[in-house]
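Engineer: Using the hints provided, position chain V relative to the given structure of chain B.
As a plain string of letters, each chain reads:
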Amino acid sequence: MGICYQGKTLKETVDEREQLFAKTGHAYGLEKLDLVEEDPATFMKFQMRLVAACINARETAKLISANPMSMVQGELLFMLANPEGDVISASYGLAGHIQCMPFIIKSIADLGFEEDPEINEGDIFHCNDPMYGPPHNADNYTWLPIYYDEELVGWTVGLNHIVDVGGIQPGGLGTISTSVFTDGFTVPPTKTGANFKQHKWWDLHWKRRTRTEMFNVLDDKMRSAGIVVLHDRIKEIIDEFGIDYYRRGLREIIERERRVLVNRIKSLAVPGKYNYLHFDWVGYKGNLGRLWPASNRNWMLHKPAELNIRTDGTLLTDLEGLASEGEFHCNAYEPAVRMLTSLGMWPMFAYTETINSSLLYMTDWNIPPGSMFNPQNPWAGTVMGLGLVAGYIFIFTNTLSYAYFARGYLEETFPQDASGIGYGISGVLGDGLQWAGGDMGLLTCVAEGATPYHDGFPAAVCSPNPASDMGELEVTEFLMPTQVNIGRKLIQDYCGHGKFRGGQGIGVLQMVNQPGQFLQIATFGDTHGLGACATGRSGGYPTSNNVVMYVHGTNMRALLAEGKPYPTDFVEVQEWIKEGTLTAESVEIYNGSTPTVQMQDGDLYVTCAGSRGGWGDVLERRFDLIEEDLEYGWISPECAKTVYGAVTNGNGKIDTKASDALREQMRNRRKERSVDAKEWWKQERQVVLDKNWHEDARNMFADASKYEKFRKQFHGMWQVPEDYTL
Amino acid sequence: MERDDRFSKENLKRLVEGTLHWEEVKKAIRLSPKDSDRFWKYLEVLQEKVPWDDKILLRISDHLYIVAKDGGRITKCDCGHEFGDYRVNWKLGCQVYVRKTSEEIGEVVTIPEARHNIELVEMREFYCPGCYALLGVEVVPPGYPPVFEMIPDLDSFYREWMGQPLPDESPDWFQDKTLDKPAEWAKEG
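Residue numbers (this note's numbering), protein chains in the order written: chain B, 1 to 726; chain V, 1 to 189.
These aren't lab readings, by the way, just hints derived from the structure by calculation.
For glycine and all other residues, C-beta sits at the position ideal for the given N, C-alpha and C.
Take the hints with a grain of salt, since some may be wrong.
What the hints assert, rightly or not - SDA-like mimics (lysine to any residue), calculated; alpha carbons at most 25 Å apart, straight line: (1) V/100 with B/298; (2) B/691 with V/187; (3) B/273 with V/78.
What the hints assert, rightly or not - Here are the computed distance ranges between Cβ atoms for each label pair: (4) B/260 with V/177: 33 to 43 Å; (5) V/69 with B/377: 52 to 62 Å; (6) B/25 with V/162: 19 to 29 Å; (7) V/27 with B/32: 27 to 37 Å; (8) B/658 with V/23: 30 to 40 Å; (9) V/69 with B/23: 43 to 53 Å; (10) V/51 with B/267: 25 to 35 Å.
Only chain B is shown next, with the shape it has when bound in the complex:
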């Protein structure tokens, strides 16, 4: 006798979910939506009750957390899942995680949890192991079964991004890890509590296996409390509507919203194939020495995608050509891919009445086995695989923008580039207190890309979280007192240019304040000198690169003591060092992720990130928009001239006659220095024939050529001899 409806086991129930969809093309085989059709008002009331319950759980529980990411940056989520694992409703927050829950429930069903360790009323389960569904170990899932008259009728789930995972680097988003053994505290599905309470032994794991015991234990209490609150509320809702209504209602929500999504694609897009491309780079060479010989190298990572908008309104994303798995921190599994990339789908078409997993029923993926997002090594490092998946969020924002543009719905375009950063930090204060933290403020507040009709807004969106929120700086400083923010502002000229330009990125300057015995910072970023996207939109430039500076041994303390001005962004830091006002013993500059760097009192941690790309030809940018840019200081007069061919008359106005003449010159220059495509093809072909690449690029091409699809394209494009190999 199983624990699910009609005495079925959990495994039978989960398997039936898949079979019914495969057989009928409808979620749970529902060809008719009886409850929706019979009384839509009651149905809506039912659905909104479920949503409200999730939001209530979130808002109540988050007050228990001390982690700034949960408290003020929205990095949490509370969900209701049906017994099969489909998320029916969720609070706002880290919405992508609804994609993972069906994988987690399938994992425990396949592992036979029903028999051992058993799934009883009041049992609490936990998992952050990517092998079983969570995207990476920073994202921790805690869940509780809901029983009604001894039948399993759902799960309540709490999820949040923790501050530190106990890996070889501080924080939750490491930039170095060679396997799961260096990823940190990674827990496969585990029963961690009973009678609606976590066991005491569970706290010890957080205390002993991570750096931030206080944050992590409180986060665990937050998740546990939230799921109990949600559990009780769901049972009240079942009492109100009746178990039969509830049981069927959950399924109808999924099927109804699957239909909404399919119809939305059909009504906004144009079917066809759309290509997207992104490159990443990982630098381990020289950082790991003899201990991990397979990891003592650098990787240029090839991340292509072909989005197929199929005639039936469903989407197939093909990742043939994706870089191979490796002994690095960048591997991920299908749930992680589905989870994070869904954040590119929410704003484009997946916005529905509630956040739910209907998306799973209309999106298919080909993620080749052996690639970094389908690793075959069971111990593959995944601590920051999600960071590398992030570039794939923009498959959907960018390709669907083209599809909507073609259809005439320009207002629905929303292109983006991968350009956010964040950091992990840890140290030992003067009194011996060990601590760790991290800031995702620059990841949770990024500019909008330019669209075909307007400039991107700055500080407008969060790619990995629909609830964009930079958080309150004061809270972050209270919790990470070594990081004093003395500059946080939009950076002039820092955006992808175009007829319409992307929103500017945000520059941050922090001074390290009384770090005590020890302090180290590791930054993760998206660009690595390769830019934020491999293709611009409609002739616009993709945005360029993150800037991360560690400035050591400065005279900042003296400048402050003397009441003198101080620099507030990376541009000023460079200028002031050049002028001699700011002195520094050494400066490290990176264009993306960095190794772990030790910092001293008075050192500066300076970043710039989060700009987005342009749309259209720069020489077609309207002069009135450039004047506005000049007035607000978003663009410098030099940039206006060099990039846009706009000459200023000294009063912030554009000299249109001189500008028209300059633009004509710039067009002529294009004519003079470009070659026809055939000539260009010959030149590029020669590079290919000579294999004249940097080692990292050559390795990338060799790796991508393992795939038939890429090899055919590469060999066909460059017409290389049959015996050409890399």
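Structural biologist: This is chain V only, laid out in the frame that chain B set:
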């Protein structure tokens, strides 16, 4: 088809020109359901905008259109330049300029610290040979095959989604024929 003026042709024209007021754009974003005749209005607006008469089948970027011409379907710039069969990546019909040095990239990325790693990537610019408008930008390693951004399934779109099949339907239309071009170039030498 019945006209749906909840989003007017005039406003669409302004949206295409990039001059529609943000408040009006927001109304368009909020429009639910969307005006279902948008595509037909769009084609009207675009057809009035271009200086030639070939029938526009689809707009694929600011300047580029797939048009019906002499029994074929070709990519055409609004300036009138024709790139040939739309199934071949139009980038292979462009004038191309490659920014390889930091100085060259610096002309469009004016912040030195944010420039690309020129040991790994180059910046390609694809211009229309007719009007020299910048049609596409790629930041890729040298030797990376040009990205074909979009190959629409026009027949399915017009027949199944828009209910107005094209007169020259054929399964051959929805294919990528880009590799025919370098094969031709290789033969020519």
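Engineer: Given a hinted range of 27 to 37 Å, is it respected by the beta-carbon distance of residue 27 of chain V and residue 32 of chain B?
Structural biologist: 35 Å, holds
Engineer: Quick one: are residue 51 of chain V and residue 267 of chain B within 25 to 35 Å, going by C-beta?
Structural biologist: Check passed, 31 Å falls within 25 to 35 Å.
Engineer: Decide if the proposed pair is consistent with the structure: residue 273 of chain B and residue 78 of chain V, CA atoms, cutoff 25 Å inclusive.
Structural biologist: 23 Å, holds
Engineer: Between the beta carbons of residue 69 of chain V and residue 23 of chain B, is the distance compatible with 43 to 53 Å?
Structural biologist: 46 Å, holds
Engineer: Assuming the hint says 52 to 62 Å, is it satisfied by the Cβ distance from residue 69 of chain V to residue 377 of chain B or not?
Structural biologist: 53 Å, holds
Engineer: Is the gap between the beta carbons of residue 260 of chain B and residue 177 of chain V within 33 to 43 Å?
Structural biologist: Given a distance of about 36 Å, which is inside 33 to 43 Å, the answer is holds.
Engineer: Within 19 to 29 Å or not, the Cβ separation of residue 25 of chain B and residue 162 of chain V?
Structural biologist: About 23 Å separates the Cβ atoms of residue 25 of chain B and residue 162 of chain V, which means 19 to 29 Å holds.
Engineer: Residue 100 of chain V and residue 298 of chain B: Cα distance at most 25 Å?
Structural biologist: 22 Å, holds
Engineer: Does the alpha-carbon distance linking residue 691 of chain B and residue 187 of chain V stay inside the 25 Å limit?
Structural biologist: 22 Å, holds
Engineer: Using the Cβ atoms, figure out if residue 658 of chain B sits within 30 to 40 Å of residue 23 of chain V.
Structural biologist: 34 Å, holds
In summary, this structure violates none of the numbered hints.
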